[in-house]
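Using the hints provided, position chain B relative to the given structure of chain A.
For the record, the sequence lines run as chains A and B.
The first sequence maps to residues 0 to 295 in numbering that gives the first Met the number 0.
The second sequence maps to residues 0 to 266 in numbering that gives the first Met the number 0.
Please keep in mind that the hints were generated in silico from the structure rather than gathered at the bench.
Keep in mind that a hint or two might mislead.
Said to hold, decoys possible - Lysine-lysine pairs mimicking DSS-like chemistry, simulated, CA-CA at most 25 Å apart:
hint	chain 1	residue 1	chain 2	residue 2
1	A	LYS270	B	LYS17
2	B	LYS102	B	LYS123
3	A	LYS270	B	LYS123
4	B	LYS46	A	LYS270
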Amino acid sequence: MERRTFLKKAGIGITASLTMDPGMLQETAKESLFSTSGDEIIFFDTCVRIGNSRAPDPPGNAADVVSLEAMMERHNIRFAAVEHAVAMEASPRLGQKLLSEKIAEKSFLWQALHLMPAVSPRIEKAYTDPRELITLRVALGRVDAKDFCQGQGDKAMFGPVLDACSRISLPVFIDFRRQGDVATFDFGICERYPRIPFVIEGFGGYPMHRVFWCLKNYPNLYLSTVEFRLFNGVRFICDEIGESRLIYGSDWPARSMGMSQGMVLLAGINKAQRAAIAGGNFLRLLDVVKKEGSKL
Amino acid sequence: MKPRGAIMEAFLKGGPMKDFDIIDCHVHLGPALYMHVPDSGPEGMVKVLDAMGVSMACVSHSVGMVSDWKTGNDLLIEAVKQYPSRIWGYTFCNPRYPSEIQKEMQRCAAAGLQGLKIHPDFHKTPADSPLYDVVYDFALQENRLMLLHYSSSPGPYAGASLFRNVLKKFPTLRCIMAHSLPDTTAVDTAVEFFGKYENVYFDLSNAFQPGVIEYACKKLGASRLLYGSDGCWGAMEPRLGLVCCASIDEQEKILIIGKNIKSLINV
Numbered sequence: 000m001e002r003r004t005f006l007k008k009a010g011i012g013i014t015a016s017l018t019m020d021p022g023m024l025q026e027t028a029k030e031s032l033f034s035t036s037g038d039e040i041i042f043f044d045t046c047v048r049i050g051n052s053r054a055p056d057p058p059g060n061a062a063d064v065v066s067l068e069a070m071m072e073r074h075n076i077r078f079a080a081v082e083h084a085v086a087m088e089a090s091p092r093l094g095q096k097l098l099s100e101k102i103a104e105k106s107f108l109w110q111a112l113h114l115m116p117a118v119s120p121r122i123e124k125a126y127t128d129p130r131e132l133i134t135l136r137v138a139l140g141r142v143d144a145k146d147f148c149q150g151q152g153d154k155a156m157f158g159p160v161l162d163a164c165s166r167i168s169l170p171v172f173i174d175f176r177r178q179g180d181v182a183t184f185d186f187g188i189c190e191r192y193p194r195i196p197f198v199i200e201g202f203g204g205y206p207m208h209r210v211f212w213c214l215k216n217y218p219n220l221y222l223s224t225v226e227f228r229l230f231n232g233v234r235f236i237c238d239e240i241g242e243s244r245l246i247y248g249s250d251w252p253a254r255s256m257g258m259s260q261g262m263v264l265l266a267g268i269n270k271a272q273r274a275a276i277a278g279g280n281f282l283r284l285l286d287v288v289k290k291e292g293s294k295l
Numbered sequence: 000m001k002p003r004g005a006i007m008e009a010f011l012k013g014g015p016m017k018d019f020d021i022i023d024c025h026v027h028l029g030p031a032l033y034m035h036v037p038d039s040g041p042e043g044m045v046k047v048l049d050a051m052g053v054s055m056a057c058v059s060h061s062v063g064m065v066s067d068w069k070t071g072n073d074l075l076i077e078a079v080k081q082y083p084s085r086i087w088g089y090t091f092c093n094p095r096y097p098s099e100i101q102k103e104m105q106r107c108a109a110a111g112l113q114g115l116k117i118h119p120d121f122h123k124t125p126a127d128s129p130l131y132d133v134v135y136d137f138a139l140q141e142n143r144l145m146l147l148h149y150s151s152s153p154g155p156y157a158g159a160s161l162f163r164n165v166l167k168k169f170p171t172l173r174c175i176m177a178h179s180l181p182d183t184t185a186v187d188t189a190v191e192f193f194g195k196y197e198n199v200y201f202d203l204s205n206a207f208q209p210g211v212i213e214y215a216c217k218k219l220g221a222s223r224l225l226y227g228s229d230g231c232w233g234a235m236e237p238r239l240g241l242v243c244c245a246s247i248d249e250q251e252k253i254l255i256i257g258k259n260i261k262s263l264i265n266v
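Chain A with its partners taken away, still in its complex shape (with noise of 0.2 Å):
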C-alpha cells in the first residue's frame, strides 16, 4: 500500500507537526485502531529504534524513519514508539533531540524516552518535569533494569523521574534486554508508584514463577511481548491473569517484526484479545496519560 493512502487508511493527517496536542493524537490513534475494517488486527509497536547504533547485528542493520515507515507498513503496524539510538547509548537528551527532528511530522510516531536518574544537570538534565513529556508527545519511559539497580531505582536517583511519570501516569518500561536479572529484580517499585504502569521487557520467558507471581499480585505490572518466549505463553497469560496485562513490541530492527507478531497472531486467543494485545491495552495507557496530562 503506498504511504500515504496508508496514513489516510489510518485516519491519519501527514501534515501533522509537533504543535498539535498530544491528546487529540492518542484519539486519533484510538479511533483508528477500533474503526479499522476487515481482518487486519492494527499494531502499536512500543520497541522500535532509529539511529546508527554502536555495533548492529548484522553490520549495517540501521534504520532511519524512512525504512521504519516501509517496515511497519509492510507489517501493517499502525504506530510506534521510536528511541534513538543515541538515547539508548550516549544521551538521552541528545537523542531525543535528533529523534524529534526526525519524527516531528509523523503524527503516528512517539516517542520512547530513555529515562536517566536525577544524579545532576552537570551531568545530563533528567526528565523531572511532567509538563515536557506531555510536550514532546512521549508514549513511555524506558529504563535499563540494571540501572535502575534492580528494582531499587527510587532509592538511587530516579526518585524525581519516576514522580514525574507518576503525575502524568506515563508507562515505565524496565529493559531487560540488555541486562538484569527478573528472578531477583524488586518489583516492589510497582506498590511505591502505583500510578505508573510499569513494563517488563525483553523477558525471555523462563523462569516464569518470578513474574508470574508479580503479574498476579502487581495490577500496575505489564509484559512486553519482546524476547517473550514461552511456549503457549500468550495464552497462558491471557487465562491465568487476562490479555490486559500484555503490550505488544517487536525489538525492531535488531528482532524482525514478524516474531512478535507470531506470538500474537498466531496464538489460540480470540480477536478482541489480539486487538489488546496489539495496541489496544497501550492505546488505553496513552488515554490516562492524556487525561493527567490535561490536569497540568
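Chain B only, in chain A's frame:
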C-alpha cells in the same frame, strides 16, 4: 523489499493458517523442571498446533533429553499413538547407556517412532564420539532421519566441527542440524562444512538475526531449510512468523514451512 505474498498476508490475518501445509521439524514435548512450560503435554501441544494451523510436529520428549531417556521415549510413544496424524516421533538416543542403546532404538522404532534425536550437550558426549556410532549406523541401515542438537559456535560436545567429523565418517546420513543458522557467519560455516552434503538440512529455530533467512536461501538454497520452532522450549509462533515475513520468494517459503520436511518424513 519483496511483496508480502499470500503466506505473509495469511499470517497477518492471524491463525490458524489453514491454507498452507505447515510442519514443524523440531519440537519437544513434556516438562523440564526449571522451564515452567505450561501445557507441555500432547493435548496442549495439539491445541497450539491447531491455533497456528500447523498440521504436524516432529517431536522428541524433554524427559528423554534432560532426564530418563527411556521414560521420555515411552511418553512419546504414547503421544504418537494418541495423535498419529499430528505427532511424528524422534527416539531419544543416550550414548551414556552403550549396552542398551541398540535395543532401545529398535524398541522405539517398532513402537512407531520413526526418527532419531541426539543431544550431545545434555548427555555430555561429543557428537563425534565412537559412543554415537551405533546411532549413526542404525540411522543409515534403517534410513532414519536424525535431528542433531547443534551449535554453530565451537563447543566441546555439539560444535559444528564435531558434526563435520561425523559427516566425513557417515556422509550419507540424513540429518537436520538443529538451530544451526542464528546469523550469517553460521550460514557461511554451514556452507563450508556441509554444503556438499545434500542430505544435510538446517532448521531455522534460532534464525533471529535480521536477514539471515534471506542469506541462507541464497547460500544454501531453500530446499535445505526447514521451519523448526524448538517448542516447547520456546514459543512456536515467533519462529513461524520469522519465515512467513521473510523477504524471500513464495515458493521458497512453501518449501521451508512444510514441503521439505514432508518429503523427509514420508507423510
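Verification of the hints:
Proximity of LYS270 (chain A) to LYS17 (chain B) is assessed by CA-CA distance (about 17 Å); at most 25 Å being required, the pair is judged to hold. Among the hinted pairs, LYS102 (chain B) with LYS123 (chain B) is consistent with the structure: their alpha-carbon atoms are about 21 Å apart, no more than 25 Å. This hinted pair does not check out: LYS270 (chain A) and LYS123 (chain B) have alpha carbons roughly 45 Å apart, beyond 25 Å. Taken as a hint, the LYS46 (chain B) and LYS270 (chain A) pair is honoured in the structure, with Cα atoms around 17 Å apart against an allowance of 25 Å.
Of the numbered hints stated above, the single one contradicted by the structure is hint 3.
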